[in-house]
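Q: Turn these sequences into a full structure, and let the hints steer you where they fit.
Those protein sequence lines, which keep their order, are chains W and H.
When we follow my numbering, the leftmost residue of the first sequence carries the number 1, and every step to the right adds one.
When we follow my numbering, the leftmost residue of the second sequence carries the number 1001, and every step to the right adds one.
Don't read these hints as lab results, they were simulated from the structure.
Relax, there's no trap hidden among the hints.
Here are some of the chain W residues that sit facing chain H, going by a computed Cβ distance under 8 Å: (1) V117; (2) F118; (3) Y171; (4) G175; (5) L178; (6) P179; (7) E182; (8) F244; (9) Y247; (10) Q248; (11) K261; (12) I262; (13) S264; (14) R270.
Calculated pairs, EDC-like style, for lysine to aspartate or glutamate (alpha carbon to alpha carbon, straight line, at most 16 Å): (15) W:K167 / H:E1163; (16) W:K250 / H:D1108; (17) H:K1367 / H:E1282; (18) H:K1105 / H:D1203; (19) H:K1243 / H:E1293; (20) H:K1105 / W:E251; (21) H:K1101 / H:D1040; (22) H:K1020 / W:E122; (23) H:K1115 / W:E122; (24) H:K1070 / H:E1043; (25) H:K1367 / H:E1306; (26) H:K1115 / W:E269; (27) H:K1280 / H:D1365; (28) H:K1314 / H:D1363; (29) H:K1314 / H:D1232; (30) H:K1115 / W:E113; (31) H:K1097 / H:E1131.
Values in this document were obtained by computation on a predicted structure and should not be read as measured data.
Don't be surprised by glycine CBs; every beta carbon is placed ideally from N, CA and C.
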Amino acid sequence: MKVNLEVSKADSFRAFYLFFVVHTLQIGAGLMGVPRILFLEAESDAWISILVGGLYLHFIAWIMIKILREYENADILGIQTDLFGKVFGYILGCAFVVYIFLILLTVIKNYIEVVQVFIFPEIPIWLMALFLISLMVYAILGGLRVVVGTCFLFFFLTVWLVFTIYKPITYMDIGHFLPVFEASPTEILSGARQMTYSVLGMEVLLFVYPFVDNKKHVQLPVHLAVATTTFLVLLVTVVSIGYFSPYQLKETVWATLSLFKIISFSMIERFDFIAVSLWMMVVLPNVILFSWILQQSLHRLFRINKKKSLYGIGILIFFSSILLEYRLDINRLTDITAKVGFYLVFIYPVFVYLALLIRKGWRKGRSL
Amino acid sequence: MKRISMMICLMILCTGCIPKSYIEKLGIITSVGYDAAGEDKLEGTLVVFQFDPTTSNTSQVISSQSETSKGIRYEANRLTSHRLVSGQVRLEVFQDKLAEKGLEKFMDTLSRDAKISDMGYLAISDVPTKELMGSNQSEDAPNIGIYLQNLIEKSVKNQTIPESILSVFVRDIQDFGIDPVLPLLSMKEDKPYIKGLGLFREDIYAGPLSEEDIYHLMLLRQRSKDTEFQLDLENDSLKDYYKKESDNVNEGPLHVSLNDLSNKTSIHAKGNDFTNQVVKVEIKGRLLEITKEIDLKQPGAIKAIEKQIEKQLKTRLERLVDKLKEDGVDPVGFGKVYNEEHRDQLTEEEWRSQIPNLNVEFDIDMKLLRYGISE
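A: Okay, structure coming up:
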């Protein structure tokens, strides 16, 4: 495996689009349940956790860009083999592949679960899975530019959902936040950690970086994307804490979607139906991007034909999503994936950067 | 071309996979009433909309008995040719006898089912809901369910009763230190109307609150704005300001009608002691009507009226708090406010047992800003 990639002009895209790529990948199935997860950890001070978590996200984004800038045109798979040698590089690469596969599976499964609970209890899993997977395959066959395009498009098609939150805001009870600073620092930190679980997806930067056209301008869109994500998580969490009673929030599985339940217009009595259907557009960029990463990594690691691996991934995801039936199993899988993701995305880059620094220092020392 | 025809085929085939609901074959439940029927049994009355082009009657009322609320729908399905669906239920009425046993178990199914809107209204009734739903006095609304729903919706919008949607009720049950309230429906000459409020101890119905105390409760709950309220003042309290030329009109009782433009209530526990509460109320209002000829131009006239109103409001609020203490309920949320300042110093049981010992001091500041176009 070559460390640096050769990218044709037709495959590359402008740094500006990184905003949509990173942001849409961070916002996905996780946002539906994040208020409750944070509330379980830090109670009414969950918003502090989000601010702390958001800061850490910015730090990791900065580290990732630092690492990538050490090389000319490499992704994380190349950097690993260069740093740790071929064997460890491949093992870590495989870890990434397994992790991306699992997260892809959980995203699809969680969305299907929501559709079954909210709209169509009778709809078979295989049908929904087939819809999502066929769209995913269709988009990826169009190449990376189409993949990035879907992120761009679906961002604008769904971002207006944010404005519908005004209605729950009118029912908020500020008393639910008082008194502030009741949670202990450990609770705040574990809340911050839970927050990072829900916004996994920044790792895309490590894979997509070689395809960016103007690498000089990577910082701004990435940090903007992270800031937007943090703001959205903060918004839904603050509104949920104000709107639901503490007990209710602990019991409500998808608090964000439940907020939509009270929105109604004269033409659309039940807006939650629209919101859940629209959520497919939030989930789709996730599915497409993750499977693109999967396909790209398999190609880089084992030189597997891209089209073949894509069909393979589709079939594998299809069958594994049918096999998972119980909500409990889905939850367990989501938990495991989130834990793996936390170490791989939010801890591992720091080590890579340290290793890079050490090697640099060592080389400098030797050349003197 | 091939691609487009494929897409069209897929669109048609894929949408065919979703289960269909024809509106003519559905019975759309708009409101549900629950009555207690014997030991452990429930009687449900469903007001159902049907869009059958062949009949002119678009709604019907179905009653059935079962052990659970979902069971009622199941049983009722045997009584009609339409498939009953509950996505449009916007009002649930509970008989007071049923509410006395607690509503928590109903709330569980209502909040578990994603099909049920969180914006549905809840109410209780002191007559069996079967009678309430059986009334044919629905004014211009297509059926009694819609009439009741409009009645409550209008009253909530005009702030004559507190918010009574499902999500707020459930929140008030589960929040620490506050008890929920629901509108209390009743029948007058075969026509349903809002009689007052039902006070709750957690999810258990504790007793009615008369219609004239609703304003005072909403004032303390700080959830009202732009409402009207009436007070009767002491007959001769404003004697000094009567207009000279009209002596004989000033016989009889003195009533005032006021418009509450804005109000601010703050509740404080004196010396960190939960049982010693001080409530500060500031009202900015507008005089709508006064039953005696009073010369409002005279210096001090407005001040005197304000003072009388404050005095009267204070006795009314004290009466309300006495009533709440008697029932052992706290819809004002004294416990909640206390908890916001001193977290974890008051347990749920302590709060409940301390309610009858509450000692509430009122400090009312009334500002009469305007009095219409005549002096």
